[in-house]
Amino acid sequence: MAASTTSRSTTGLDLDIAIRVEGLSKLYGDVQAVDGVDFAVRRGELFGFLGPNGAGKTSTLNMLTGLARLDAGTISIDGIDCTRNPKAAQHLIGVVPDESNLYPELTGFENLCFCAALYGMRRREREARARELLAQFGLAEAADRGFGGYSRGMKRKLTIAAGIIHDPPILFLDEPTTGIDVAGARQIRQLIAGLHDAGTTIFLTTHYIEEAERLCERIAFIVRGRIVRTDAVAELMQPTRDRHVLLFAVSSSDAGIVEALAEACPGCRVAGAGPGRIRVEADAPILIAPLVRLLEEHGVEVTEARQVRPSLEDVFVEVTGIEAGAMQKDKEKGGKGGGAA
Amino acid sequence: MKQWIAFWTILGKDTRSYYLKPPNISWGLLFPLAWTGMFFIRSGSGLGDIVSLLPGVVTVAILFGTTSVLAVTVTFEKKGRTFERLLLAPISLELLMLAKTSGAILFGIANAAVPVVMAAFFADLSHVAWGIAVPAVVLMAIASTFLGLFIAVSVSEVFEAQTFSNFFRFPMIFLCGLFFPIAKLPIVVRPLSYLFPVTYGADVLHAAFGAENTMPLGLDFALLGVFCAVLFALSLHNIRRRWIA
Ligand SMILES: Nc1ncnc2c1ncn2[C@@H]1O[C@H](COP(=O)(O)OP(=O)(O)OP(=O)(O)O)[C@@H](O)[C@H]1O
Ligand SMILES: [Mg+2]
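As you go down the protein sequences, you meet chains A and B in turn.
Numbering-wise (the working numbering), the first sequence opens with residue 1 and increments by one.
Numbering-wise (the working numbering), the second sequence opens with residue 1001 and increments by one.
One chain only, chain B, in its complex shape (with noise of 0.2 Å):
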C-alpha cells in the first residue's frame, strides 16, 4: 500500500514536471502531423487514403514520443543526483522503475491518438479493428518505452542517451516494414527489421487498418511481450551494474 503512494506520487511528478509541459505537447502533436503531412502529400493520394498511412505515422509518434523522454526523467535526473532520492526510498527497484516509466508510456499513448483523431475528421474509420489496434499500440508504448530506458541507464551524459536512441529510432523506422515492405528490403538488412519490436507492431497495426499481415497475430504479440520483459529486465540489471556500483 505504501508503496503504491510513492508509485503515484513519482508518476505525478513526472507528469506535472515533464510530459505537461508545453515543449513536449507540442513535440507531440507537431511530430506526428508533420509525418502525415509528408507522407500523404508524396502518396499524392484522396483524403480517403488517409487510414493506409496511420499505422506508419501512429508508429513513429510512439517512438518518438516515449524514447525521447526517458534521457530526461532518467539520465538527466541521475545527473542531478535526485535518482539518488528514489533509489534510497523502501520501494522496490521494479516498482520505481515502473512508475518512472508508467508516465512515459502514457504520453507515448496519448501521441499515438493524435494522429487517429485527427484523421477522423477526415476518413472512415469505422472498419478498423479497434480490438487489436489498442492492444498493439499499448504494447509497442511499452517496448519503445522500455527500449528508452534501456538506452537511457546504460549511458551517463542525457546527450548520449539521445544520440542513442536516433541511433535505434532511425533504423527502426525504416525497416520495421512500415514504409517500404520488408519483402522488398535488400536481404542482408531483412534479418535486423526482425530485431526491433516496432516490427512486430506495425504488423499488426496494418492488419487492424485494413493491410494485410505477414505473421501470425498471435506471434506479433508475443513477441512484443518478449521485447517489452527482456527490455524491462536489462535495464533493471544494468541499474543495478552500473548505478549502485
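Just chain A, with the same shape it has in the complex (with noise of 0.2 Å):
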C-alpha cells in the first residue's frame, strides 16, 4: 500500500477517477489479447467498452477483477494501486461475468445470501437484501427454485443481483444482454440505467453499438487488442450531426437511375444500397419531391422514402473499418439476438 501513496493515483486530479487504467496489456500464448490500454472512469460514469469477438474486452475485464494476471501496466481503483495485489480492491466491486457463475443446486435465494455471506455481510442483512433485489428483478416467484433450472434471462438478471448483492460503489459488467431476448434485454439495460442513476460506477462491455449508444456516457472501441478511440458519445456523433441520409425504396435501382439522380442533385452522395434500395447523402438537409419526380420521369415507382439518423455504427465504421453488421451476426450464432430493440 506504501507504493499507492508515492504513485500520482492518489493526486488530488485522480480524486473523482474511479478506475485507471494506464499501458495494460496481456499475452495469450502468441494473441496479444490486449495491448496498451489506456483508460480512465469517473466515478459515478457509465463507461462502455465496444469492441467485436476476440477484441480483448473480457480479457481487460479480468484483469481489472483480479481473475487474470497483467503481463505490463497499472491498474487503480478508487485510488488503489491494484497492480500487484487485485484483492486490494475487492470489496469495492461488483462483478457480472458473461456467463453465469453461480451454484445450479442452490436455490436463486440461496445462491444470492451465499454471494452476500462473501462479502461478510450478516445473515439478517444479507437475507433482506437478497429477498429485495429478488423482488426488484422480478424474481421473487422463482426464489426457491434451482437456479440450474431457471431461464437463461432469468440466469442473467439473478447473475447481475449476485453482483450487486453488497452494494458496491463500482460494477463491471460483461456482455449483460447477450444471447437474452428482446424484452429481457430490456429490462436489463432498465436495470443498469437505475443502477446508474443512483451513483454506481459501471464498465460495461458489449458488442452491441447502439447499446452502447443508449446506455454509455463515454465510449471505448476497443479492437484488436488496441482502443482505437475514447470519447462522450455526443463527441463520437458530433461528425454526423450534419449528415442528412435519405433512403428510397423503388421498382429499379440500375446504375443508370443512380447517376441521373447524382447528375440532378449537385453536392449528394448517390449510391445504390442493395436491390431496390437507393441512397442520398449530403451535408444539408436533402428535398425530397424533385427527387421522386425525376424517378418517376425514369419510369421508377418509388415506394418509400425514408430519413435516416447516421448512428454511432456509422462512426464505429469509419473509425474502425469493421463492419457493424458483421459483428453482430458473428455474435449471435449460438444465442437468440438480445440487440438494442
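Just so you know, the hints here were simulated from the structure itself, not pulled from any lab data.
As the structure is a prediction and not an experimental result, all values here were calculated from the model.
Covered stretches of chain B, as calculated for chain A (at least 3 residues, CB under 8 Å):
no., stretch
1, 1076-1085
2, 1088-1095
Counterexamples of contact, computed for chain A against chain B with all Cβ distances above 12 Å:
no., residue
3, 217
4, 218
5, 305
6, 308
7, 311
Glycine included, every Cβ here is placed at the ideal spot set by N, Cα and C.
Grab the two chains, each in its own frame, and use the hints to assemble them into the complex.
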C-alpha cells in the first residue's frame, strides 16, 4: 500500500476517477489479447467498452477484477493501486461475468445469500438484501427454485443481482444482454440505467452498438486489443450531426438511375444500397419531392422515402473499419439476438 | 471478522452440497467396512485381532475420503466457473482454500472414526493410545486433503483429478508400511515409501494401536506437519499460476 501514496493515483487530480488503467497488456500464448490499453472511468460514470469478438474486452475486465494477471501496465481502482495486489480493491467492486457463475444446485435465494456472505454480510442483512433484489428483478416467485432450472434471461438477471448484492460503488458488466431476448434485454438495460442513476460507476462491455449508444456516457472502441478511440457519445456523434441521409425503396436501382439522380442533385452522394434501394447523402437537408419526381420521370416507382439518422454505427465503421453488421451476426450464432430493440 | 463469515459460509455450503449427500456418506461408510472385512477374513484370526487391522483401515478411510472429494469441490467448480465467484470475493486466497479444504478434512476424520467405532463393539480398545492416535488421524487427514488439493489444482478436468489421485493413492497404500512392512519391501522401492505422508502417519498409528513404531514419533509428527505446509503452499502457488493466469 505504501507504493500508492507516492504514485500519482492518489494526487488530487484522481479524486473523481474510479478506475484508471495505463499501458495494460496481456499476452496469451502468441495472441496479444490486450495491447497497451489506457483509460480512466470517472466516478458515477457509465463507461462502455465496445468491440467485436476477440477484441480483448473480457481479458481486460478479468485483469481489472483480479481473475487474470497483467503482463504490463498499472491498474488503480478508487485510488487503490491494484497492479500487484488485485485483492486490494475487491471489496469495492461487483462483477457480472459474461456467463453465469452461480451454483445450479442452490436456489436463487440461497445463491444470493451465499454471495452476500462472501462479502461479510450478516445473516439478517443478507436475507433482507436477497429478498429485496429478487423482488426488484422480478424473480420473487422463482426465489426458491433451483438456479439450474432458470431460463437464460432469469439466470442473467440473478447473476446481475449477485454482482450488486453488496451494493458495490463500482460495477463491471461483461456483455449483460448477449443471448437474451428483446424484452429481457430491455429490462436488463433498465436495471443498468437505474443503477447508474443511483450513482454506481459502471464499466460495461458490449458488442451492441445501439446498446452502447443508448446507455453509455463515454465509449471506448477496442479492436484487436487496442483502443482506437475513447470519447463521450455526443462527441463521437458530432461528425454525423450535419450529415443527412435519405433512403429510397424503388422498383429499379440500376446504375443509370443512380447516375441520373447524382446529376440532378449536385452536392449529394448517391449510391445503390442493395436491390431496390438507393441511398442519398448530403451535408445539407435534402429536398425529397424533386428526387421522387425525377425517379418517376425515369419510369421508376417509389414506394418509400425515409430519412435515416446517422448512428454510432456509422462512426464505429468509420473509426474501426469493421462492418458493424458482421460483428453482431458473428456474436449471435449461439444465442437469440438480444440486440437493442 | 468479515472474512470469517465468508469462511463459515463456504464450509457450510460445501458440507450441505457435497459431504452430507447420501452417495458420499455411504461411500465413507462402505469403503472402510469393505476393507476391514477383506483383511479380517484374509487374516483368518479371531475378533480380538481386529485392533491390529485398525491402523490400515483408518488410513485407507482417510485417504479415500479426502482425496476424492477435492476433484468435485475444487476442479468441478473451476470448470463450472463457480470457483471464479470465490476468487472475486474479498478474502485472501489462503483463507479461501482453507474454507474449501476444511470440509474434506472433517469428512476424512469422520470416515476414520467409522471403523474405530465399529471395532469398539467387538474388541477391547482400552489400550489404544488415543493421545497420539487422534493427532495422527487429524494430521493425516490434513496432509491427504492437501495432497488431493494439489492434484485438483494441477489439472483442468475432473477425470484427470480422479486418475491422478489413484496414481498416488494405490502406491501409497501398498508402500506406506501398513499392509506390508517397509523393511520387507524390495530395496529399490523403499525410498518411495518415505516420500509419502501416509507412511509417517501409519507409523504413529502402529504405535498407538499397540505395535512397534520404526521412527521416533516426534519425527513422524514433524514430517507430517512439513507435508501439510508444503502441499498447501504448492497448491496456492498452482492456483495463482494456472487459474489466475
Ligand atoms: N484464457 C485464455 N487463453 C488463451 N487465449 C485467450 C484466453 N482468453 C482470451 N484469449 C484470447 O485473447 C483474445 C481476446 O479474447 P477476449 O475474450 O478478451 O475477447 P472479447 O472481446 O471478450 O470477445 P467476445 O466478444 O467474444 O467475448 C482472443 O483472441 C482470445 O482467443
Ligand atoms: Mg468476452
